[in-house]
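Chains as they are written, first to last, in this note's numbering: chain A, 1 to 654; chain B, 1 to 131.
Read the hints as simulated data drawn from the structure, not as lab findings. Beta carbons are placed, not taken as given, at the ideal position from N, Cα and C, and that holds for glycine. Any given hint could turn out to be false.
As a list, the in silico DMTMM-like pairs of lysine to aspartate or glutamate whose alpha-carbon atoms are at most 20 Å apart [unchecked claim]:
{"id": "1", "chain 1": "B", "residue 1": "K102", "chain 2": "A", "residue 2": "D379"}
{"id": "2", "chain 1": "A", "residue 1": "K522", "chain 2": "A", "residue 2": "E599"}
{"id": "3", "chain 1": "A", "residue 1": "K522", "chain 2": "A", "residue 2": "D600"}
{"id": "4", "chain 1": "B", "residue 1": "K43", "chain 2": "A", "residue 2": "D242"}
{"id": "5", "chain 1": "B", "residue 1": "K43", "chain 2": "B", "residue 2": "E98"}
{"id": "6", "chain 1": "B", "residue 1": "K102", "chain 2": "B", "residue 2": "E82"}
{"id": "7", "chain 1": "B", "residue 1": "K43", "chain 2": "B", "residue 2": "D93"}
{"id": "8", "chain 1": "B", "residue 1": "K43", "chain 2": "A", "residue 2": "E245"}
{"id": "9", "chain 1": "A", "residue 1": "K522", "chain 2": "B", "residue 2": "E27"}
{"id": "10", "chain 1": "A", "residue 1": "K119", "chain 2": "A", "residue 2": "D200"}
{"id": "11", "chain 1": "B", "residue 1": "K43", "chain 2": "B", "residue 2": "D24"}
{"id": "12", "chain 1": "A", "residue 1": "K414", "chain 2": "A", "residue 2": "E269"}
{"id": "13", "chain 1": "A", "residue 1": "K382", "chain 2": "B", "residue 2": "D93"}
{"id": "14", "chain 1": "B", "residue 1": "K102", "chain 2": "A", "residue 2": "D376"}
{"id": "15", "chain 1": "B", "residue 1": "K43", "chain 2": "B", "residue 2": "D31"}
{"id": "16", "chain 1": "B", "residue 1": "K43", "chain 2": "B", "residue 2": "D78"}
{"id": "17", "chain 1": "A", "residue 1": "K414", "chain 2": "A", "residue 2": "D200"}
{"id": "18", "chain 1": "A", "residue 1": "K382", "chain 2": "B", "residue 2": "E98"}
{"id": "19", "chain 1": "B", "residue 1": "K102", "chain 2": "B", "residue 2": "E81"}
{"id": "20", "chain 1": "B", "residue 1": "K43", "chain 2": "B", "residue 2": "D80"}
{"id": "21", "chain 1": "A", "residue 1": "K522", "chain 2": "A", "residue 2": "E533"}
{"id": "22", "chain 1": "A", "residue 1": "K522", "chain 2": "B", "residue 2": "D24"}
{"id": "23", "chain 1": "B", "residue 1": "K43", "chain 2": "B", "residue 2": "E27"}
{"id": "24", "chain 1": "A", "residue 1": "K382", "chain 2": "A", "residue 2": "D242"}
{"id": "25", "chain 1": "B", "residue 1": "K43", "chain 2": "B", "residue 2": "E72"}
{"id": "26", "chain 1": "A", "residue 1": "K119", "chain 2": "A", "residue 2": "E37"}
{"id": "27", "chain 1": "B", "residue 1": "K43", "chain 2": "A", "residue 2": "E516"}
According to the in silico footprint, chain A covers these stretches of chain B (three or more CB under 8 Å from chain A) [claimed, not checked]:
{"id": "28", "segment": "39–53"}
{"id": "29", "segment": "117–123"}
Computed, partial: chain B to chain A, Cβ under 10 Å [claimed, not checked]:
{"id": "30", "residue": "D57"}
{"id": "31", "residue": "D93"}
{"id": "32", "residue": "P112"}
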Amino acid sequence: MTAELGHFALALALGLALLQATLPLYGAARARPALMELARHTAIGQFILVAIAFGALARAYVMSDFSVAAVAQNSHSLKPLLYRMTGVWGNHEGSLLLWLLILTLFGAMVAMFGGSLRKAFQARVLAVQAMIGTGFLAFTLLTSNPFARVWPPPLDGAGLNPLLQDPGLAFHPPLLYFGYVGLSVAFSFAVAALIEGRVDRAWARWVRPWTLAAWAGLTAGIALGSWWAYYELGWGGFWFWDPVENASFMPWLAATALLHSAIAAERREALRSWTVLLAIVAFSLSLLGAFLVRSGVLTSVHAFATDPERGVFILLLLGIATGGALALYAWRAPAVGTGVPFRPVSREGALLLNNLVLVTACATVLLGTLYPLFLDALDAGKVSVGPPYFAATFVPLVAPALVAMAVGPMLAWKRGDLAGALGRLWLAALGAALAAGAALAYGETLAALGLAAAAWIGLGALVEWGERLRLGRAPVEEVRRRARSMPRGAWGAGLAHLGVAVVVAGITASQCFQSELILAMKPGDSARIAGYEIRFDGVSRIQGPNYRADRATLSVLDDGAPLAVLGPERRFYPVERQHTTEAAIRTTFLADLYAVIGEDDAQAGRTVRLYHNPLVPWIWIGAIVMALGALLSLSDRRLRLAVPARRRRQPATA
Amino acid sequence: MTRLAAVAGLLLALASAPALAALDASEMLADPALEARARALAKGLRCVVCQNQSIDDSAADLARDLRQSLRERLLAGDSDEEALAYLTHRYGDYVLLEPPLKPATWILWFAPAGFAAVALLLAVRYFRRRE
Chain A
1 MTAELGHFAL ALALGLALLQ ATLPLYGAAR ARPALMELAR HTAIGQFILV
51 AIAFGALARA YVMSDFSVAA VAQNSHSLKP LLYRMTGVWG NHEGSLLLWL
101 LILTLFGAMV AMFGGSLRKA FQARVLAVQA MIGTGFLAFT LLTSNPFARV
151 WPPPLDGAGL NPLLQDPGLA FHPPLLYFGY VGLSVAFSFA VAALIEGRVD
201 RAWARWVRPW TLAAWAGLTA GIALGSWWAY YELGWGGFWF WDPVENASFM
251 PWLAATALLH SAIAAERREA LRSWTVLLAI VAFSLSLLGA FLVRSGVLTS
301 VHAFATDPER GVFILLLLGI ATGGALALYA WRAPAVGTGV PFRPVSREGA
351 LLLNNLVLVT ACATVLLGTL YPLFLDALDA GKVSVGPPYF AATFVPLVAP
401 ALVAMAVGPM LAWKRGDLAG ALGRLWLAAL GAALAAGAAL AYGETLAALG
451 LAAAAWIGLG ALVEWGERLR LGRAPVEEVR RRARSMPRGA WGAGLAHLGV
501 AVVVAGITAS QCFQSELILA MKPGDSARIA GYEIRFDGVS RIQGPNYRAD
551 RATLSVLDDG APLAVLGPER RFYPVERQHT TEAAIRTTFL ADLYAVIGED
601 DAQAGRTVRL YHNPLVPWIW IGAIVMALGA LLSLSDRRLR LAVPARRRRQ
651 PATA
Chain B
1 MTRLAAVAGL LLALASAPAL AALDASEMLA DPALEARARA LAKGLRCVVC
51 QNQSIDDSAA DLARDLRQSL RERLLAGDSD EEALAYLTHR YGDYVLLEPP
101 LKPATWILWF APAGFAAVAL LLAVRYFRRR E
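Please work from the sequences and hints to get the whole structure.
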C-alpha cells in the first residue's frame, strides 16, 4: 500500500511541476502577482510529495518488502539496517528518486529563502527549476518506476553489490547529487536572467551561495568516492580517470570556474555573460554525467543501442535543457553584456585565466571520455583512453593555473601590479624552492614540480592572509582588529586554496614516493617495507552478518617492537556470490601502511600486497579543507541568503 | 572479424568471471628486473573485458591470462615494444591504455593544445577590442 502511495505522490508532484513550469512564467510576463506567487507554493508542495515518495520507498527497503521490484532486485533481508537504508539509492530507480528529492529540496529552498528576490524573477527561476523537475519526474514515472510490483514476491531479495555495502560509498551519492542538482539552481538563475535580459551584481550575489553549496557537495562527494576506491578496490590507487569518475569531475571543473567568474561578476560586474554561460555549462555537464552513467553507453555503445529507452530519454532531456538554454543565450547574451572592462593583469584577469584553464581542462576530459564512444559509434576502431592520456594532457594544462593561483588574490581589481604581487610572495617562492630542492635530492623531478607547486599555493594563501591582516607590519592590536573584521569570504577563499595545496602535495607524494611489495607469505614469514617489518601471523575464518571472510593477522614491527596489527580481509558474500577485498590501513596522516590479501596457495602461501603511501591522506584532508572553505564563504554575511534586503538598512562597513 | 568474435566471447565470459585477486605472487617472475618491466607494461595494458582497469589491477580471468602471456613473451626475450606489438596484434589498439598516435586519434591528441590556443586567442581578442 505504501508503495502505491509513493507512486501516487510522484504523479501528483509531476502535476505540480507542470503547473509551476508554466503559469508563473505567464504571470511574470503579464505581471499577475497571484500566478507568480503560485510558484512558491507548488515548489514546496513538490518537495513534500517527493519526500513522501522517498519515505515510501525507504520504508519498503527497511521492511524488506520484496513485492516491490526494486527492493527484490537490490536488497536482502540479511543485509544490515544501514545498507538496507542506503540501498535505497544504490540502484538506478532509487538514485533517481534521491536526485528528485534533492532537486525539489533546492526548489523549495529557493521558494522559502528567496523572499528578497524580485517577485517576477523568483517566479521565473522557480518555473525553470520546475521544467527540470518535470523532465526528471516524467523520466522516473515513464521509464524507471521505483514502485513497480512483482507477483508473486520472491522469498528474499537478490542482494546489493557488496562493493556498495560500505559506509564510504553509502554516503557518496547523496553528497554528489547535492552538487549535481545544486548546479541546477545556478542554471535556473541563468536561464531566468536570460529571459529577462538582465544580469547585475545582485544576480551574481544570488548565484554564488548556491554554487558554493553545490561545489562543496561535489568536492566532498568526489573525495568520498575516491577514498572509497582507495580502500575498497584494494590496489592502493585513488583516481583512475574512469569515465564514471570523469562524469563527476567535469561538472566540478565547470563549477569551480563558475565559482570564480561569479566573484568577478558580483564584485566588479565583469565577465557577466560568461558567468551565465558557465552556469548553463556546469549543469549541462551534470546532465551529461547522468546520461553517461545511466544509459549503459559506457559499457558499450552497442549495449546502449539494444536497450536505449532510458538513454534516449536522458539524451532528450540533455538536448532540450542544454540546447534550449544555449539558444536562449545566443539570442539574449548581447542584452546581458560582457561586463565592465579590466586590464589583463588584475584580479579579474587572474579569475579569467583560472576560467580559461579550467574550461580547457574540462573540454579535454570531455574529449577523452567521449572519444572512444564516438570512434566506436562511427565504426572507426576501438581505442582506450586511459590514465596515461589524461596525465599527458590534463596535468600540463592545469599547471599554469596552479602557478597563478597564489598570485591572483594578491592583485588589485581592474589594474594590478604583477611585480609588486610577486615581490610580496617571496616567502612562497622560497618555500617552493626548498620543496623542489628536497625532492630533487631524492632524484624525483616530477615530485619537485608538484611539491613546489603545493608549497607555492599553500604559502601563497598564508601570505595573502598575512597581507590583509598586515601581519608583522602593524601592531598586534590592529592585526586582531583586522582579523575580526576580515570577511568570511576571504577566509574561505584562502582556506580553499590551502586545501588545493594539500591535495597537490598528497597526489604528488603518493604518486612519486609509493613503495609496493607483493609476495607470498606463510605464517611466521616477515617482509620489510619503508623501514617497517611486517610479520604474517596467519589467517582466521570469521563470519560477518551477510558474508564470511578470511582475515589475516599482520604484525607491524618497528625495530622488533610491535607497533600495530593489520587485519586485511577477503570476504565472500554468498547471496551475491561475490568476493571483495578489505584493505587494512594504518595511517599516521603523513603516510599510510596499506595491506591486502589475495589467494591462498597450499605450497607458496598467501599472496600479500603491501603498500607504503606517503601523504596519501592529504588528498582527502585537502578536499575536506576545500569544502570547508566553501562553507565558510557561504556563511559570509554578504552572501547570506536574506542579507541583500537587510543590508540596505544598515550601511556597509566592509 | 575473428577479433570481434573473440571480444564478444570475452564480454560473455565477464558476466561469470569469478572475482579473484589481482596479480598473484605465484605469477611473478623470479628475475626482479624482468618482473619490474612486466609490471610497468601491465599498468599500461587494458583488461579488455573490464571497465577501464589495467591488467595489473584487474582480478578478471582474462587479465590473468594477459599477464601470463606478457610474462611469457618477456621470458622468451621480447623487448618491451615486441611484447606490446604481440598483444596489440591479438587484441587491437583497444588493449593500450595510452591510445597510439594514428589518423583516428589525431583529434584526440591534438585538440587539447587546440583548446588552449583558442582560449588564449579569445582572451587576446577580448583585451584588444577593449583598448
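So, going through the hints one by one against the coordinates:
Of the supplied pair hints, the one linking B:K102 and A:D379 holds, its CA atoms being roughly 15 Å apart against a limit of 20 Å. At most 20 Å may separate the alpha-carbon atoms for a hinted pair to count; A:K522 and A:E599 meet this at roughly 12 Å. For the proposed pair A:K522 and A:D600, the alpha carbon gap of about 10 Å is at most 20 Å, so the pair holds. The suggested pairing of B:K43 with A:D242 holds, with an alpha-carbon distance near 14 Å, which does not exceed 20 Å.
Distance restraint check for B:K43 and B:E98: the Cα-Cα separation of roughly 10 Å lies within the 20 Å cut-off, and the hinted pair is therefore satisfied. In summary, the hint linking B:K102 to B:E82 is supported, as the alpha carbons are separated by about 19 Å, within the 20 Å threshold. Only pairs whose Cα atoms come within 20 Å are accepted, and B:K43 paired with B:D93 is accepted, the gap being roughly 15 Å. Among the hinted pairs, B:K43 with A:E245 is consistent with the structure: their alpha-carbon atoms are about 19 Å apart, no more than 20 Å.
Our distance criterion of 20 Å between C-alpha atoms is met by A:K522 and B:E27, whose separation comes to about 17 Å. In summary, the hint linking A:K119 to A:D200 is supported, as the alpha carbons are separated by about 16 Å, within the 20 Å threshold. A hinted pair counts as satisfied when its Cα atoms are at most 20 Å apart, and B:K43 with B:D24 qualifies at roughly 15 Å. Of the supplied pair hints, the one linking A:K414 and A:E269 holds, its CA atoms being roughly 11 Å apart against a limit of 20 Å.
Straight-line distance between C-alpha atoms of A:K382 and B:D93 comes to about 7 Å, which keeps the hinted pair within the 20 Å bound. With a C-alpha separation of about 15 Å, the suggested pairing of B:K102 with A:D376 holds against the 20 Å cut-off. Under the criterion of a C-alpha separation no larger than 20 Å, the hint pairing B:K43 with B:D31 is consistent with the structure, at around 18 Å. Under the criterion of a C-alpha separation no larger than 20 Å, the hint pairing B:K43 with B:D78 is consistent with the structure, at around 18 Å.
At roughly 18 Å between alpha-carbon atoms, A:K414 and A:D200 fall within 20 Å of each other, so this suggested pair holds. A C-alpha spacing of about 12 Å is found between A:K382 and B:E98, which places the hinted pair at or below 20 Å, so the restraint holds. Proximity of B:K102 to B:E81 is assessed by CA-CA distance (about 17 Å); at most 20 Å being required, the pair is judged to hold. Taking the CA atoms of B:K43 and B:D80, the gap is about 13 Å. The hint holds against a cut of 20 Å.
The hinted pair formed by A:K522 and A:E533 meets the criterion: a straight-line CA distance of about 15 Å does not exceed 20 Å. For the suggested pair A:K522 and B:D24, the alpha carbons sit about 14 Å apart, so the restraint of at most 20 Å is met. For the proposed pair B:K43 and B:E27, the alpha carbon gap of about 15 Å is at most 20 Å, so the pair holds. Taken as a hint, the A:K382 and A:D242 pair is honoured in the structure, with Cα atoms around 16 Å apart against an allowance of 20 Å.
The suggested pairing of B:K43 with B:E72 holds, with an alpha-carbon distance near 17 Å, which does not exceed 20 Å. With a CA separation close to 8 Å, the supplied pair A:K119 and A:E37 stays within the 20 Å bound. With a C-alpha separation of about 14 Å, the suggested pair B:K43 and A:E516 falls inside the 20 Å cut-off, and the hint holds. Residues of the segment 39–53 of chain B with a Cβ under 8 Å from some Cβ of chain A number 5, which satisfies the need for three, so the listed coverage holds.
Restraint check on the segment 117–123 of chain B versus chain A: 4 residues with Cβ-Cβ distances below 8 Å, three needed, restraint holds. Nearest Cβ of chain A to the Cβ of B:D57: about 5 Å, under the 10 Å cut. The hint holds. Here the hint on B:D93 is kept, as its CB sits about 5 Å from the closest CB of chain A, short of 10 Å. Taken as an interface hint, B:P112 checks out: its beta carbon lies about 4 Å from the nearest beta carbon of chain A, inside 10 Å.
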